[in-house]
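Using the hints, position chain B against chain A.
There are 2 protein chains.
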Amino acid sequence: MSLRELRIAKENQGVHNFSAGPCILPNEVMEKAAESVINLDGIGLSILEISHRSKEFVAIIERARTLVRETMNLPDNYEVLFLQGGASYLSIITAQNYLSKEGTGAYVNSGTWARNSMNDAKVFGNIIEIASSESTQFNTYPELKDLPTDVDYIHITSNNTIAGNQIKNFPKTDIPLICDMSSDIFSRDIDVSQFAMIYAGAQKNLGPSGATLVIVNKDKLGQTDREIPRLMDLRNHIEKESMLNTPPCFSIYVSLLNLEWMIKNGGVEEMKKRCLERSELLYQEIDGNPLFEAHVSDLDSRSKMNVCFTLKDSSLNEEFITSCEKAKISGIKGHRSVGGYRASMYNAMSIESTKALVNVMKTFKL
Amino acid sequence: MSLRELRIAKENQGVHNFSAGPCILPNEVMEKAAESVINLDGIGLSILEISHRSKEFVAIIERARTLVRETMNLPDNYEVLFLQGGASYLSIITAQNYLSKEGTGAYVNSGTWARNSMNDAKVFGNIIEIASSESTQFNTYPELKDLPTDVDYIHITSNNTIAGNQIKNFPKTDIPLICDMSSDIFSRDIDVSQFAMIYAGAQKNLGPSGATLVIVNKDKLGQTDREIPRLMDLRNHIEKESMLNTPPCFSIYVSLLNLEWMIKNGGVEEMKKRCLERSELLYQEIDGNPLFEAHVSDLDSRSKMNVCFTLKDSSLNEEFITSCEKAKISGIKGHRSVGGYRASMYNAMSIESTKALVNVMKTFKL
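So the protein lines, in turn, are chains A and B. For the first sequence, the working numbering begins at 1 and goes up steadily by one. For the second sequence, the working numbering begins at 1 and goes up steadily by one.
What the hints contain is simulated information worked out from the structure, not anything from laboratory work. Be aware that one or more of the hints could be misleading.
Pairs involving identical chains hold if they fit within one copy or between any two copies, as the list cannot separate such chains.
Capping the alpha-carbon separation at 27 Å, the derived lysine-lysine pairs in DSSO-like fashion look like this [claimed, not checked]: (1) LYS326 <-> LYS55; (2) LYS240 <-> LYS122; (3) LYS122 <-> LYS101; (4) LYS328 <-> LYS32; (5) LYS328 <-> LYS55.
Chain A on its own, in the form it takes in the complex (with noise of 0.2 Å):
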């Protein structure tokens, strides 16, 4: 079979994909990055065996930074970084970046991930909580008012794939903005100069797992009295473009592919638009049908990306994974933290994946 064959036939199998992360990405993005894993664009190579100084790979990388850099419009003086480590590391690059020594990080505390963030820049001097939903399971997301204006900087998670709940107005501030939007970059509007830093692990609207974007103000940066490791500056990786070691190179391509895609496709305009759409159609299900419940009751903390929910009669739960499975919906899991169940819908889903959801749960014990 030629690769659009298979890919064809893999499109045929119908799966639908709800995975958390890794997830969901676009079948011509796929299409392509496996014909490359052979062949790089005719140069005898693959992907995976040329250098990443190689004029081929340079130019990858560079299309890719452009390409987020004209996608989020970022002002002048913001600098685009593809690094590895994921989101958690992020939390320590955060900490050595922006945290001096007798300085205070303050955080608001959306959900586990957010938690986490928190907890690990811990080691690394006085941080704060000034926000939190915790004590109701992050049904919602946490209410920011006066933000403190004596912190080196407030970190926030844009949208919180466990329970479900999203911000929807990021907060204005004159102190240092960090956001972790791993989950949600590339489905909204951002004004990107109200952040000091946004960072993503790839795995969710941008590419496969591996790569880590950060997108950061540099006037922001050599601001602290700490001794930062030399690969944990970010001064430095602007530096070296992105080069300051061995970058994840294939994580770097796909997302290059799919950046490509999401531009041809309409750009976060559009993406925004399909987002809308699928999470309303869900929530509309889940709101109306008395078998379920939403996670996040407030309607303005609803997350449009993941979408939690459960069975009232918990009795029911493997009956209901078992009529997902043979309607080939997959990964509809509650993280394991938590149970019940959890839609992801990023950016590559199409609408007739949510339908096929929505079916299932409105013939569901008919």
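Using the frame of chain A, we list chain B on its own:
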């Protein structure tokens, strides 16, 4: 074209890939990886879009860890991890996990990467250089004698990819011995019990860039008085079986395919034989051809993986590069810091590629 036809067409292009890393991998590994980028084992999902906690990926990472364990004959108290960040990041991990606040880390300076490891550790405490061949441009592996007995650890780099030196006999010591084996792992016999930790960036003999293999003696961890950030404490990675955070799934998957290829082809024993054949053939030509000169003259220090040489008459450089290009020899330029030529001949390289290079050298200026 089918995947197989694509692969054969690529092979027929006949590019000889001498890249220093990311580098050559077996074409049958690429073919299988490409198939899985579209549809992993026919499950209807790509290797790029499945959760790292799916049963499919858990089986992949477990098998990769098991094959490393078997291939390297690991004692029971050793663990295998796949991390992110590359060998450069492991310099930080080394200091964090083995260097006490008032202790000393001892380094062998055998090349640029060894020196970077040493310098990167200095931010964490007292670091000393115990041997160096820097004054002779690393044209030999530093002599190791009278190793210190009062340090927290000794760090060595087994193979220098830039100057082309390599240690042949690892030192015996009661001090925890840590080795960056990025560029010659799986090409030589290793008695793992001699080491507290071995690490290797995947992008040479293991797989694509983006993953870092760590082999660690559990009993030597937790000996320092340092507070280690959660994500940097190797004990946490061991406890979570390399799933402390989202791993670089595709790099690990291709590493598994490559380990399987290696075992099917005779394992380390056969890889050792092949790399000896390739390097002997090339050194013989360099030593016998009046136009060329090996960078490493000390025979016992010569790398079997990265053969570095120069033209005695540097005015011929451009002409030689043109001759190489005509013969489809790729990636032969020396590291930008030293110039000259570097033939990196990793496990997947066929002897035919070495012969092609030798042939260019033999016929050059005739």
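Please flag the earlier hints that this structure goes against, numbers listed from lowest up. none
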